[in-house]
Amino acid sequence: MIELLRERKYLQFLLLIVVFLLMCMFIPATDGSWLWRLPPLFKQLPIAINNGVDYLMFDWWLVDVYDPDIEEYEKKPVMRQITRSISGFVLFLIELVREIMLGGVKTIVTFTGWDWATENQWARLPGLPWTVVAGGAMILGYRLSGIGLALFTGFAFGYIAVFGQWEPSMQTLSFVLIAAPIAILLGLMLGVWAFRSKTVETVMNPLLNIAQIVPHFSYLIPVMVFFGIGDHAGAIATIIFATPPMVRLTILGLKKVSPEVTEAGKMSGCTEWQLLRTVLIPTARRDILLGVNQVIMQCLAMVVIASLIGAKGLGNDLLIALNRLRIGLALEIGVCIVLIAIVLDRLSLAWANKQTDYFADQSFKERYKYSIWFSIVVAVGIAVAWVGSLFFKEGFNYLNIIPHNKGITTEPFWQAGVDWLWDTFFYTLKGFNEWFIVDVLIPVKNAYLGMPVIATFTLAMGIGYIVGGIRSALIVGMYLLFIALTEWWDRALITAYLMSMAVLISGFIGIVLGTLCAQHPTSTRILLTWCDTFQTFPSFIYLIPVMMLFGVTDTSVLIAIVVYATIPAARYTVVGLRSVPESLHDAGSMAGVNRVQRFLSIELPLSFPHIALGINQTVVFALSMVIIGALIGTDDLGQLILGSLSDRQGVGNGLVLGFCVAFIGLAIDQILRTWANQRKAALGLE
Amino acid sequence: MSATESNSAEPVIRCDGVYKIFGDNAKKMMQESNGMVDAAKFQEAGCIVGVNNASFEVYPGELLIIMGLSGSGKSTLLRCISRLTKATAGKIYIEGEDILSMNNKQLIQLRRSKMGMVFQSFALLPHKTVLENIAFPLQVKGVSTKESIKRASDMIELVSLSGRENYFPRELSGGQQQRVGIARSLAIEPDIWFLDEPFSALDPLIRKEMQDEFLRLQGVLSKTILFVTHDFDEALRLADRIAIMKDGIIEQLDTPANIVLNPATEYVRKFTEEVPREKVLKIESVMDAVDPSAAVAEQQVSKDAIIETVAEMILNSDKPVAVIDDAGKVVGAVHASKVINVLFGGRTEQAS
Ligand SMILES: Nc1ncnc2c1ncn2[C@@H]1O[C@H](COP(=O)(O)OP(=O)(O)OP(=O)(O)O)[C@@H](O)[C@H]1O
Ligand SMILES: [Mg+2]
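Taken in order, these protein sequences are the chains called A and B.
Sequential numbering from 1 applies to the first sequence in this note's numbering.
Sequential numbering from 1001 applies to the second sequence in this note's numbering.
Honestly, the hints are just simulated from the structure, not real lab data.
Nothing here was measured: the structure is a model prediction, and the numbers come from that model.
Errors might be hidden in some of the hints.
What the hints assert, rightly or not - In silico DSBU-like links for lysine-lysine, alpha-carbon gap of 35 Å or less:
#, chain 1, residue 1, chain 2, residue 2
1, B, LYS1028, B, LYS1208
2, B, LYS1091, A, LYS256
3, A, LYS255, B, LYS1028
4, B, LYS1338, A, LYS255
5, A, LYS255, B, LYS1141
6, B, LYS1282, B, LYS1338
7, B, LYS1105, A, LYS354
As the list claims (entries may be wrong) - Cβ pair distances, simulated, as ranges:
#, chain 1, residue 1, chain 2, residue 2, range
8, B, SER1222, A, SER579, 47 to 55 Å
9, B, LYS1086, A, LYS680, 30 to 38 Å
10, A, VAL200, B, PRO1126, 25 to 33 Å
11, B, PRO1126, A, ARG595, 30 to 38 Å
12, A, SER523, B, ASP1203, 35 to 43 Å
Note that the Cβ used here is the ideal one computed from N, Cα and C, for glycine as well.
All chains, please: the whole structure from these sequences, using the hints.
If you want it as structure tokens, here you go:
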């Protein structure tokens, strides 16, 4: 009997489930019983964190700092000085780019002071007319890649200008143009560091995991406390969020460089630095560029969230539009965000792939062709804008900038569409919605809440043990223990319930969709493009119609999460299936299996590790969306995080709650990853 | 050229009791063993013996081939000498300088001025064009762009790749890629040339072509060369001397003919068993003493000629063929029957 149990994994699972169910049935829901709920021993933790942060910011290590306003030295805490100077620096960069695009005085004020700037009204950056920016971007696109990219860039900037989104778009662009390069450089540096030192890598790995799973909202709060509110705070939060994938992909890419290539570099007489710069990083380019792509996507995905802590631009306008229920306007803004993302992505890609021609003996004109063209564009654009200022007397110079309410808009069309949806589907959907909530969601939710804590631990640690042995069981147990000892165990159960429902649905849709699309290269490409689009398209936008149709219910939340969380499931399934070697297809065909058999017996098992990692990412995506659920209205951890966002003392709560969410993700990550690695090893893929 | 002839010159490479042992406690194990390294014992302790007590010298202009089965430590030996890995024990001298005591800076200087290396998998930089790949060692060294490009263009000519300057490695065939690898390794005009199975990844036809190319280059450049291969034909075509390795130990290091005719160990004998004699033996070894009374053919052969290359001529002549030395003096005569014996006779008989 014991022998049999040791060999057959499914029997172990069966036994585990029986034990779990028995526990659920026989342990009474009595307050104060440790079997039912653990006592909230960590209740004081948020307060301790608050005190710690306060101490760090206001009392730790005071130094004398000269204050020019009162012309005296003053004692100030070091931490505050550091964060101040970082904020000042980032803000200066953002303002600089912004004022080149839109005009302003802040850059000049930085060097001279407000008094001087007020006295000398002429001293301000004039800002470029939109025609110049668009033309310049097109020349850049042409120079880096060719006519195709030039046209696309022109289209994107044209759209932005014509739809009256110029000003917010340039604000967002200036913000991204600073945040993205910093994130890329930082990620590259950290990645290289981890690549060169095993110790650094082992320390960095869990940090990266946490940074990726903690919902963005949780670190908005500490960022706010340390750096204040404004564009710089938004940029810093964005950098924290966008750097981890860059680090990951840098390490991955560097590890894949063949040792012979490294040796060839060494034998060529490279110094360490030359080896890194001219051999390792360029050879690892594919993965590093994927990292750059991810950074840009993440930066634009953060645009809306960053606006919550004061970043100006499209994100802010989008939130306002949504507040006023102007779906059409929100949609147009959303398209601007996606367009900026794609343009930046393509330009950076083209730049990295650019090569030089050593033989062309270029004349002066040839060599400075692009600079000459750019000068012409600047001159013509400014001239046209000046002519425009004579022509459009009423204050709006369409050739300089098209104000937000004077552009073309398709809003009525979308509004009509939403109205039509409402009229046509509301009643049908209402029936479905009621059924779904009453007969599916509420019972599941109650089941989750009805679990005694000891049963939850048994189940989770048991699965950990069966899959990965005692080590996995302990790791999973530690994560859960942290959550159980806070006062938010019930909330965490609700989060877990929402997440598991979403993962079930997303996983199913994603795998089916991925499988279907993987059958053909064209459909594969289309699916991957959709994945990119939905990853950057602000999810807030489709929240509104969903909420109109399904009301403030868990169904709406689920739909919002599912749309987003399906992306990785589909992406990894497609990639996994496509990476099954052709030779195995042929081997299968030769063995006389039909298509379905081949899929079930060859492709699916072989791509299983990939798919498992996709599900893993689905969990991560779903968890990062619980906060969106909070905006609609749930009673889970997300709601509390949202609450602490507007609370001065919210740091402790926000962080602890964020860790709770992250630990749910990390526990599942531990199990799925171990399992996927075992499968990989078993299939000889590693 | 034979080893004895060159002994007068200073060796370019000298290895003295070189060991390379992989594993965490290699150094400690090494000290405890007192120079008696037993691979099996080390393996038990979690160490892998890569090179085991290698001592030899390579002289200017000599081409030493290192042979052995997969995992016998050929690459490791090469990498020790180029100091891509640091030998665990022993001394390695390049032109009299101890490279194990060099610091990073000196090492880089050495590589920039004296060493070139060709890799089995080509190891080209995928993001650089043919031209840029070849110019790379020069640019690393700080040579101006213009000059390095000019020099790289010359190298491209040398390896007959003109017209493909702006191709990327992925757009070239294997043979072409290896030509780039060769050109790159020669760009700085090194004195010492390391080649680690440079042609094994190529198909037989291209391999033959590349070997010819290699011989041609060596004829022009005459560098000191360490060449790793596990193809005996290749070794015979190219080698001045051959070193045969097994489990990190150099079993024998000698001229091709000696290796075939006088194998030092049972392993070497087995290893060379299948090698056709005519490809190794020189006319010298089958000629008879000069017999003034006997008539000889008009043709003459050099005493250093490999039998295979002159067999047809000898067999076609009805009289014995005169054998001459470098100075043109007749030193013997070779009979067709002897050649036939080498070509078709029993192997064991000749080995004696
Ligand atoms: N970095 C390393 N770490 C541990 N062991 C190594 C390392 N490099 C080589 N070895 C071991 O050293 C031994 C010799 O390897 P080496 O690469 O020199 O063989 P080789 O003769 O070049 O073989 P091949 O013909 O396959 O290239 C092998 O047993 C190998 O497993
Ligand atoms: Mg090797």
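**Request:** List in ascending order the numbers of the hints, as given earlier, that are violated by the structure.
**Result:** 1, 4
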